[in-house]
Amino acid sequence: MEPRIVVEDLSVRFTTRRGEVHAVSHVGFEVPRGKAVGIVGETGSGKSATVKAVMGLLPPAGRIAGGSVRLDGEELVGASRRRLRQIRGARLGFVGQSPFAALNPVIPIQKQFLNALRAHSRWSAEDARARALAMLEAAGIVEPERVLKGYAHELSGGMAQRVVIAIALSLGAEVLIADEPTTALDATVQRQVLDTIRSLVSESERSLLIVTHDLGVVAQYCDEVVVMYAGRVVEAGTVEGVFTSPAHPYTAGLLASIPDGNHRLIGIPGAVPTLFEEPRGCTFAPRCLHTRERCEREEPQGRAVGGSRSVRCHFSEAIREEKHGAPVSR
Amino acid sequence: MALLSLDSVEKTFTSGDRTRVVHAVRNVSLTVNRGSSIGIIGESGSGKSTLGRLGVGLLQPDEGTVLFDGVDLGRLSARDLRRMRRSFQVVFQEPLGSLDPRMRVASIVEEPLVIHERRLSKHDRRARVREALDQVGLAPSVAERRPRELSGGQQQRVGIARAIVTRPELLLLDEPVSSLDLSVRALILNLLKDLQDELELTYLFISHDIETVRFFCTETAVMLRGSILEIGRTAAILEEPQHPYTRALLSSRLSPDPRVQFPRYELQRDATPTASASELCPLVGRCPVELPRCSVEPVGLRRVGGEHRSACFHVPEDDAA
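Residue numbers (this note's numbering), protein chains in the order written: chain A, 1 to 330; chain B, 1001 to 1321.
Only chain A is shown next, with the shape it has when bound in the complex (with noise of 0.2 Å):
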């Protein structure tokens, strides 16, 4: 069956007063039916960027430079705003970062919830508050009535992030893009906002598409992930290979920049290269561990090492059997 979301090739750059920044090149990535994938990426990855051209949502001074997003086999780059307007709620629910955003303080959760149910269909009054009722109740609102009636204000993190994914899935959407849905949120909550997505998604069918920068949530909440690093696709695959054993030398640097115990942590010396123009090599080259002459000189391409396992680095098998062998100097 095709993937509900493919997205190939994509390039997005961004005008700013200091030039054109680069900040999605070539990206490429599916996420198929009824399954959840993760992106995950630090500051200036271009994670952001990819969903929000995803989603058609690029602010104005970003532009889609190339490349093609298709849902359910349809066309979205370059699709009329009416048309991707009809698309997003009905087909693509979005849940971001900070639910007080999303909600309008002053507009009763009801209202806003039937507004955005009568946006896109005809529903009678009370059908749309039946909807909304059952919507929040799925979501995991433990008084349904009550927190309709009220404004945002009068809710905590967790449960307003709750109204957000119940709104964004009331009409039905195949996909739920979220972007760091639980950042902003307590720890003691994080779980179990989560445990609510992955629960709506899987038992419709739904796809998922996470963006974080928490390697824990797509390790325990995603099938697949795809690392991203300056603009790049630098790892893909499913997050048991993925996390257990990385090709790429910038995945194996984050997860052994994760405490665990109190050894001495590995990190990435250096810091996110400024995007202005196309490097010449490998975008990691300068944090690399292993860098050859070659990575400074062509950029490697996306290329498949086993399963559905893609990497973008020249040397990655060499690199893992140095890793499992004797050490080799530089």
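Think of the hints as simulated: they come from the structure by calculation, not from any bench. Bear in mind that the values here come from a model prediction, so they are computed numbers and not experimental data. Careful: at least some of the hints might be erroneous.
Short derived list, chain B residues pointing at chain A, Cβ under 8 Å [stated by the list, open to error]:
| # | residue |
| --- | --- |
| 1 | 1149 |
| 2 | 1153 |
| 3 | 1178 |
| 4 | 1182 |
| 5 | 1185 |
| 6 | 1187 |
| 7 | 1214 |
| 8 | 1248 |
| 9 | 1255 |
| 10 | 1256 |
| 11 | 1267 |
Ideal Cβ positions, reconstructed from N, Cα and C, are used throughout, including at glycine.
Here the structure of chain A is known, so what remains is to put chain B in place on it, guided by the hints.
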């Protein structure tokens, strides 16, 4: 040897229109031994940052005392308190927000010396700045740059250099790596650990992340709504958590290893919080093992074993105390 001790410290804040009173820190006692590192963990609004600020004299407690090296900070004149400040410095969460954008790095790091060590010659101050920059792993050329020209990791290194340039004994680290990317965070954590060993520093480390606390804190205090609910050696807290809130915090961790799942321990969701003026356990209404007495009488810290204490009625009452 206690370097810092807080005894029955209280702090409340009143909203501008005087309609709301927030009890930010309630009856907290805490001892930080010289050369040790204690982590204060809690969610937003738990009072952990307020507690840290009380510990370094940036805030004055309403009740209770704060002793630094035996000296009661509350009894010092403003001048004497300022004089003592060279001994306890702060590293803030937002490096960029805590650095003056117009100043060059050299002047930022030099400033505490201008304030605290007036007898130093300009030449000696410069030497100390160079030394501090070197200690935090910054190249001498960084001295001439301004904060905005630096990466997030470099900015936080400048913040750390500014904190250690007066050769303090205690550092308050208030979420020093929370705003940094993972790969950079690891390097800063390593640096802080190395500096502690090299300079024999004592750390009061405030964080919402228990794994970060475990990385270099020998002891941990868990806070919720102004109270310490559990305190003890970090290993004990992680391995034998007693308070239901601590258990919930530990179970909220998401392992980066897909094969590892932490056991679930959930609090009741969306329960209406108890009034903030309450002296009762802050978990009342959300606790999965709540007892009838929890909503009637306050519970203090009870000894679990050794220095490990927990404010929960499920811990048997001390025989001694």
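Verification of the supplied hints:
1. 1149: Violated - the Cβ of residue 1149(B) stays beyond 8 Å from chain A, reaching only about 12 Å at its closest.
2. 1153: Hint on residue 1153(B): holds, closest Cβ of chain A at ~7 Å, below 8 Å.
3. 1178: violated, 11 Å
4. 1182: Check passed: Cβ of residue 1182(B) comes within 5 Å of chain A, closer than 8 Å.
5. 1185: At 7 Å from the nearest chain A Cβ, residue 1185(B) passes the 8 Å test, so the hint holds.
6. 1187: Hint on residue 1187(B): holds, closest Cβ of chain A at ~4 Å, below 8 Å.
7. 1214: holds, 6 Å
8. 1248: Hint holds; residue 1248(B) Cβ to chain A Cβ min 5 Å, cut 8 Å.
9. 1255: Since chain A brings a Cβ to about 6 Å from residue 1255(B), closer than 8 Å, the hint holds.
10. 1256: Hint holds; residue 1256(B) Cβ to chain A Cβ min 4 Å, cut 8 Å.
11. 1267: Check passed: Cβ of residue 1267(B) comes within 6 Å of chain A, closer than 8 Å.
Hints 1 and 3, counting from the list given before, are not met by this structure.
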